[in-house]
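*Asks:* First to last, the protein sequences are chains A, B, C and D.
Anchor point for the first sequence: position 50 equals 50 in full-length UniProt numbering, and the numbering is continuous, going up by one each time.
Anchor point for the second sequence: position 122 equals 122 in full-length UniProt numbering, and the numbering is continuous, going up by one each time.
Anchor point for the third sequence: position 198 equals 198 in full-length UniProt numbering, and the numbering is continuous, going up by one each time.
Anchor point for the fourth sequence: position 124 equals 124 in full-length UniProt numbering, and the numbering is continuous, going up by one each time.
Bear in mind the hints are in silico, worked out from the structure with no lab data behind them.
Check each hint, because a few of them may be wrong.
Which copy is meant is left open, because identical chains are indistinguishable; a pair holds if it fits in one copy or across any two.
Listed below are the simulated BS3-like cross-link pairs for lysine-lysine, each with C-alpha atoms no more than 27 angstroms apart in a straight line [stated by the list, open to error]:
(1) K3 x K83
(2) K114 x K312
(3) K312 x K299
(4) K299 x K310
(5) K4 x K114
(6) K3 x K233
(7) K299 x K317
(8) K4 x K218
(9) K3 x K95
(10) K312 x K233
4 protein chains.
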Amino acid sequence: MAKKIQRIGVLTSGGDAPGMNAAIRAVVRACAYYHTDCVGFYRGFQGVIEGDYEELNARSVRNIISRGGTILKSARSREFLTKEGRQKAADTIKKAEIDALVLIGGDGTFRGGKIFNEEHNISVIGVPGTIDNDIFGTNYTIGYDTALNTVVEAIDKIRDTASSHNRLFFVEVMGRDAGFIALNSGIGAGAEEILIPEENLGLERLLFSLERSRRSGKTSSIVVVSEGDKIGKNVFQLAEYVTQNLPDYDARVTVLGHIQRGGSPSCFDRVLASRLCVRAVELLLDGQTNMMVGFINNKVESCSLEDALKSKPDINKDLLRISDILST
Amino acid sequence: MAKKIQRIGVLTSGGDAPGMNAAIRAVVRACAYYHTDCVGFYRGFQGVIEGDYEELNARSVRNIISRGGTILKSARSREFLTKEGRQKAADTIKKAEIDALVLIGGDGTFRGGKIFNEEHNISVIGVPGTIDNDIFGTNYTIGYDTALNTVVEAIDKIRDTASSHNRLFFVEVMGRDAGFIALNSGIGAGAEEILIPEENLGLERLLFSLERSRRSGKTSSIVVVSEGDKIGKNVFQLAEYVTQNLPDYDARVTVLGHIQRGGSPSCFDRVLASRLCVRAVELLLDGQTNMMVGFINNKVESCSLEDALKSKPDINKDLLRISDILST
Amino acid sequence: MAKKIQRIGVLTSGGDAPGMNAAIRAVVRACAYYHTDCVGFYRGFQGVIEGDYEELNARSVRNIISRGGTILKSARSREFLTKEGRQKAADTIKKAEIDALVLIGGDGTFRGGKIFNEEHNISVIGVPGTIDNDIFGTNYTIGYDTALNTVVEAIDKIRDTASSHNRLFFVEVMGRDAGFIALNSGIGAGAEEILIPEENLGLERLLFSLERSRRSGKTSSIVVVSEGDKIGKNVFQLAEYVTQNLPDYDARVTVLGHIQRGGSPSCFDRVLASRLCVRAVELLLDGQTNMMVGFINNKVESCSLEDALKSKPDINKDLLRISDILST
Amino acid sequence: MAKKIQRIGVLTSGGDAPGMNAAIRAVVRACAYYHTDCVGFYRGFQGVIEGDYEELNARSVRNIISRGGTILKSARSREFLTKEGRQKAADTIKKAEIDALVLIGGDGTFRGGKIFNEEHNISVIGVPGTIDNDIFGTNYTIGYDTALNTVVEAIDKIRDTASSHNRLFFVEVMGRDAGFIALNSGIGAGAEEILIPEENLGLERLLFSLERSRRSGKTSSIVVVSEGDKIGKNVFQLAEYVTQNLPDYDARVTVLGHIQRGGSPSCFDRVLASRLCVRAVELLLDGQTNMMVGFINNKVESCSLEDALKSKPDINKDLLRISDILST
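Isolated chain A, as found in the complex (with noise of 0.2 angstroms):
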């Protein structure tokens, strides 16, 4: 029989994204409805290795929900991916007499989470926090959204620059393995092309577009590249080509950078994270381990972590088409 679980440890991990924090709060506040006690480990797993946490209650967790990163800090623990490192986190998670641990990020975090399970028995869930989007088993990940605006609202920016100079902009931005952002910031913010490490178009169809899209007149363009892009050129090489084949085009390039992986959460990826989270801690006060919440067909589900990382989610291809239509 399954051992009542009274203490809920709750860590950040991998690659922070925008949401954590009104991830941890629900967890905190969920745990304080459900009477159960809550701790947050900082520094992702390898908190856990060194013992590094802190009680939380739900005072610890007043106005965080509106700030961006992660109050417990998030980090890729190498020492966590070996037996001794676990066996460590182990011997922390016994001596705080911890029952349960809820793992907010992306697939790293939740393979590291089903091998600690494996190995020691520590119930654990999984809730997507990653501003990629690139896992299965959700529709949305917590940072996305906001990190979609992000990307949108600099790239209109941009726009300005490049409609005010008939200038030709390539904007990189984040998914070294996913397309997600690219494709859908892309189309919000109107992009002519879109690049995406799913789908090469071959550097021919983009100097063809270009080429057809200058001819109709069309004094600005904006080409949004994920950072995995197939065409195996990164961003620098890819604009230099373009311009020595377009001579016309006074070509410049923009890496978002990091700034992606900032700022408020939206309001959707707030509701996401209370959601998802209130769901762990009670998916976990009610026996259950080694699953992942994720929001499906607009409701919150669940899976187990061996689906979640059996495959990765396929981007929409209708999305391509959409952009192809509207960059006319």
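Got chain A; can you put chains B, C and D on it based on the hints?
*Replies:* Positioned in the frame of chain A, the structure of chains B, C and D alone reads:
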């Protein structure tokens, strides 16, 4: 046999919403992509009645995706509610050789479109554009996500003052018949209480809950109140009632008002508007009429206008529960 | 001979303003830099009376520069208006071995500081922190620039709706005694008319001007009204009066309210707060008292509290002229 | 005797800056107010050379006050640097019967205007519009305040990530020849170090200071670097150098790039643009030429273009001191 659609009209009607320009742009560009003419009517159905329209092409809608409001302006036409008004509108449509209409607005707009179709056999497709999110047949209306962000940012600011002065703030948000904005923005802003038209908590409970939260050491509180809240008092009376009964509280009122309708649309609303309107044009070209496009379970779908008008979406009761848990 | 200053207290008092946290941070860090102790009193003079304070060091103020509100909270202490209240405050000061105070607030705060100094010989320096910009002895008060941006962004949103619906909007902004916010934000937002306490244009002129602008083809208008406007009607009565006399207009009212006090401070306010507060600490360490620091002609200056309290800055008449010219 | 000015041309030239549209609007409306014709040239002097212009009236500039970029577009015309180019421009001016020009831009623009006036006796008034704030004869250039806010908001976001991951961030901001943006935004963002072209702190000092701040318990740091910083390394080399010497640090680089030029202008920039441009038109109508308008000591002033071009404003050394004190 259905007539081939060669010329499509588009209009925005009812209360304006952020993303309406993104929607207009998508209609115009989808038409251009499918080699179909497109005209824009000004001030909703009133412009149809008065023959106030303009040819639109891809260039007409350049750089409008990021702008609030609607370049076609919006109105609630009283004349269109009369048979004579609709006859005049039909005359315009005939004279301008328009084969079909895309109607961006709320249920008033759709009701008008439906009767117009019945009387004059003009193909119409509705696109849900309203900040209220009160349309059956779509999980999200265009403008709703942006309005939520506007409200949450405003309450974040009010929270600064509330915390600094240990005050109780009543913040009235839009939503005469539906509490969607209040409920979601209330959770997003971490409101202590949320009052919505769908649920009458009663004044007793409000007093009780505020007293409890003060005793627990909370020195400031935010109560989000929907315009149409059922307690039967307006927000100023509510504040007065509370201060009379809980003299400890220093209470203030802010009515957010029309800032909720404006502003640059969020990425979500821009992508939603783009997807729905491409589909709207494609449905018309496919010979469909009397339909509404919507976003259901993360997919673009369509239903009959009749179904869309038959009922109202329910408030998500689970969100009330979440709010309760998190305002601990 | 003046006692050496070894321990400085800081407080925020009166209405809160964005940039107060940047000011507190600068006081604390300047103290650290000059090896001087620093304590923060909560809720303005009330915290001095009650002995409610905390030691502050460089770490206590980490990452607060970007936050609205004030971590020390603010209040208007009625007790401090009495001799007894001030005696209690002096007792705290003595007991806590505090040598001097930095007072961040408006003229009520400075008046309190001046009398406190006279009665109990405690060194005080005032720092102008209020959104109203109504302090003599500085061209800018901390918080004013941020409030202007908040108002202008809000009116930009209202303009979206006003244009879309051809409406007339009356927007009430803060400034009970001074029209600084109304005048500058009105010009910044491109308002058609600006009503301020310093100037009574009269209702006739307003009607005349609105009529003229309608005739010239303007279909929407924004009138910015200062809380304390001299026409002697509140903004709702004003709107009613106008619609009765100009029935063509569809008029609406928005009272911006407390969102004007909150929000992350602008760069200007953060730098201003930083510069003024470093100077405040240096003045104290230099043996000065009863002074206010200010920003005059692009330089940090200081004047006696007496001079600061003697008069009120005049509204810039040239700005009224500019508004007139630009609303053509 | 000076010819009566009956027709004024306006153009924006050089790098675009937020507030240029507010400036254009003010020129156009001031002309309308004084019953003077106004035409706008596209793409700076290039549009004058090519005769690419449009009549502008009060309606043409409706609702542009809030928009970034410039509706007249901007460019750096190489042709105008030649005598032949300027002759063509003078021909346009004559043919279009334009009596005077308002030139919105930086010192390149003013230099062009001055020589154009000398060769062809056309009245010109310069208005300082550039984000760099590097113009002698004004305390603030149009666009500078907005750029500072954009930078500070971006660094606030990066701070979220830096704090969450205990990282060191190097953030490169604009300012090839002048450190104004770096210095003010660095103070506003609470940067630990600021590197500007005007001052070579040396790499030693940077290492020393970072080491000290790490030892004092600071786990994350922001270093703001001006494009044209004197250390003689670009920001990537700088980051590499630091990580080689301080291997404890996990360092990242963000180059903010062109987002700094765009965006809706701040209230300050809108009011500044409005005031300067009304004055520019009034000076022309008053028979003046070869002047630049500026904002000095809180007043609109003017100086000769010659004086404006003679020197560069000095960096405020006191701000370096403030930065030093506050990054304790």
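*Asks:* A separate judgement is required for each hint: does it hold in the structure or not?
*Replies:* Here is how each hint holds up against the structure:
In this assembly of identical chains, the alpha carbons of K3 and K83 lie at most 27 angstroms apart only when taken from the same copy (25 angstroms versus 63 angstroms across copies). In this assembly of identical chains, K114 and K312 lie within 27 angstroms of each other by CA distance solely inside one copy; the values are 17 angstroms within and 43 angstroms between copies. Taking the shortest alpha-carbon separations for K312 and K299, both the intra-copy value of 20 angstroms and the inter-copy value of 19 angstroms come in at or below 27 angstroms. For the identical chains of this complex, K299 and K310 are neighbours both inside a copy (21 angstroms) and across copies (23 angstroms), given an alpha-carbon limit of 27 angstroms.
Within a single copy, K4 and K114 get their C-alpha atoms as close as 20 angstroms, which meets the 27 angstroms cut-off; across copies the closest is 58 angstroms, which misses it. When the C-alpha separation of K3 and K233 is checked against a cutoff of 27 angstroms, the pair qualifies neither within a copy, at 54 angstroms, nor between copies, at 49 angstroms. For the identical chains of this complex, K299 and K317 are neighbours both inside a copy (23 angstroms) and across copies (12 angstroms), given an alpha-carbon limit of 27 angstroms. In this assembly of identical chains, the alpha carbons of K4 and K218 never lie at most 27 angstroms apart, being 65 angstroms within a copy and 31 angstroms across copies at closest.
In this homomeric assembly, K3 and K95 come within 27 angstroms of each other (Cα to Cα) only inside a single copy, at 16 angstroms, whereas the closest approach across copies is 54 angstroms. With identical chains, the CA atoms of K312 and K233 are at most 27 angstroms apart within one copy only, with a shortest distance of 24 angstroms there and 41 angstroms across copies.
Against the hints set out earlier in the document, violations occur for numbers 6 and 8.
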